[in-house]
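Chemist: Next come the chains, spelled out residue by residue.
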Amino acid sequence: SQQGEEDPQALSIQEGENATMNCSYKTSINNLQWYRQNSGRGLVHLILIRSNEREKHSGRLRVTLDTSKKSSSLLITASRAADTASYFCATAPGGGADGLTFGKGTHLIIQP
Amino acid sequence: GAVVSQHPSRVICKSGTSVKIECRSLDFQATTMFWYRQFPKKSLMLMATSNEGSKATYEQGVEKDKFLINHASLTLSTLTVTSAHPEDSSFYICSARDWSSGGASYNEQFFGPGTRLTVL
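Line by line, the protein sequences give chains W and R.
Just so you know, the first sequence maps onto residues 1 to 112 in this note's numbering.
Just so you know, the second sequence maps onto residues 1 to 120 in this note's numbering.
Hint data in this document are derived by calculation from the structure and do not stem from the laboratory.
Remember, predicted model here, so these are calculated numbers, not experimental data.
Possibly wrong hints are sitting among the right ones.
Stated by the list, open to error - Using 27 Å as the maximum straight-line C-alpha spacing, the simulated DSS-like pairs for lysine-lysine come out as follows:
id, chain 1, residue 1, chain 2, residue 2
1, W, 26, R, 42
2, R, 64, W, 104
3, R, 41, R, 64
4, W, 104, R, 14
5, R, 41, W, 70
6, R, 42, R, 64
7, W, 69, R, 42
8, R, 41, W, 26
9, W, 70, W, 56
10, R, 14, R, 64
11, W, 69, W, 104
12, R, 42, R, 66
13, R, 66, R, 20
14, R, 14, R, 41
15, R, 66, W, 104
16, W, 26, W, 56
17, R, 66, R, 41
18, W, 70, W, 26
19, R, 42, R, 14
20, W, 56, W, 104
21, R, 42, R, 20
22, W, 104, W, 70
23, W, 26, W, 69
24, R, 66, W, 70
25, W, 104, R, 41
26, R, 41, R, 20
27, R, 20, R, 55
Bound conformation, chain W alone (with noise of 0.2 Å):
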């Protein structure tokens, strides 16, 4: 069942700009994902953030982790074209031998 929720549902910005996307989950998790998909394409690894980590940094990615309140945002700054895609929360719940449960997603286009 999908228990993470993206917000907002689609997100249109200028190049340069930064954009931020947030995801809710039900559950208590092991660790949160980030993914990125391309129309019609797989999914490509952003970034994962442990249960017991708050904040992490790629590049110019940024994910923080509220466990309290069962949520986590990414930030990409300084945007670009390429960057348009749709992007994916997923949590695990338990240890490595789970599947992934994925948020709904957030559309993100890039206008340059």
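On the provided structure of chain W, position chain R as indicated by the hints.
Modeler: Okay, now just chain R, sitting in the frame of chain W:
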């Protein structure tokens, strides 16, 4: 890096036929693979967990007789959609976990490029 391939990338079939989709881990061994489906403009839904050498574990609401999964080797899992109908048309994506990449609590999964199934 860990690479997962899927074959075919696209398939169109007639209603009532069966379609087999292959998922391969190219440069690592995957004792566990996962199958997801994605409807247009929707998110991914976990269908089943494929375990090498044992039966697959299906999510609630997924018909095991409809979606046959075989994980005969450490690098190959197959999903067969039996007696396909138009409502089975979807984007099917597999993923595999590279157990050598971390401890039991680490769950990065590497995704295949997906298979677009269209049932006429």
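Chemist: If a hint holds in the structure, say so; if it doesn't, say that too.
Modeler: Okay, the hints, checked on the actual structure:
1. W:26 - R:42: holds (19 Å)
2. R:64 - W:104: Holds, because 25 Å separates the two Cα atoms, which is no more than 27 Å.
3. R:41 - R:64: holds (25 Å)
4. W:104 - R:14: Roughly 30 Å between the alpha carbons, so the hint for residue 104 (chain W) and residue 14 (chain R) is violated.
5. R:41 - W:70: holds (25 Å)
6. R:42 - R:64: Satisfied, since the Cα-Cα distance of roughly 23 Å is no more than 27 Å.
7. W:69 - R:42: holds (25 Å)
8. R:41 - W:26: holds (22 Å)
9. W:70 - W:56: holds (16 Å)
10. R:14 - R:64: holds (21 Å)
11. W:69 - W:104: Holds, at about 18 Å.
12. R:42 - R:66: Answer holds: residue 42 (chain R) to residue 66 (chain R) is near 22 Å, not above 27 Å.
13. R:66 - R:20: Holds: residue 66 (chain R) and residue 20 (chain R) sit about 12 Å apart, inside 27 Å.
14. R:14 - R:41: This hinted pair holds, its Cα atoms lying about 24 Å apart.
15. R:66 - W:104: Roughly 25 Å separates the two Cα atoms, so the pair holds.
16. W:26 - W:56: Holds - the C-alpha atoms of residue 56 (chain W) and residue 26 (chain W) are around 21 Å apart, at most 27 Å.
17. R:66 - R:41: holds (24 Å)
18. W:70 - W:26: With a Cα-Cα distance of about 7 Å, the restraint between residue 70 (chain W) and residue 26 (chain W) holds, given a limit of 27 Å.
19. R:42 - R:14: With Cα atoms ~24 Å apart, residue 42 (chain R) and residue 14 (chain R) stay inside 27 Å; holds.
20. W:56 - W:104: Given pair residue 56 (chain W), residue 104 (chain W) holds - Cα atoms ~22 Å apart, limit 27 Å.
21. R:42 - R:20: Roughly 23 Å separates the two Cα atoms, so the pair holds.
22. W:104 - W:70: holds (16 Å)
23. W:26 - W:69: holds (9 Å)
24. R:66 - W:70: violated (35 Å)
25. W:104 - R:41: holds (9 Å)
26. R:41 - R:20: Satisfied, since the Cα-Cα distance of roughly 24 Å is no more than 27 Å.
27. R:20 - R:55: holds (17 Å)
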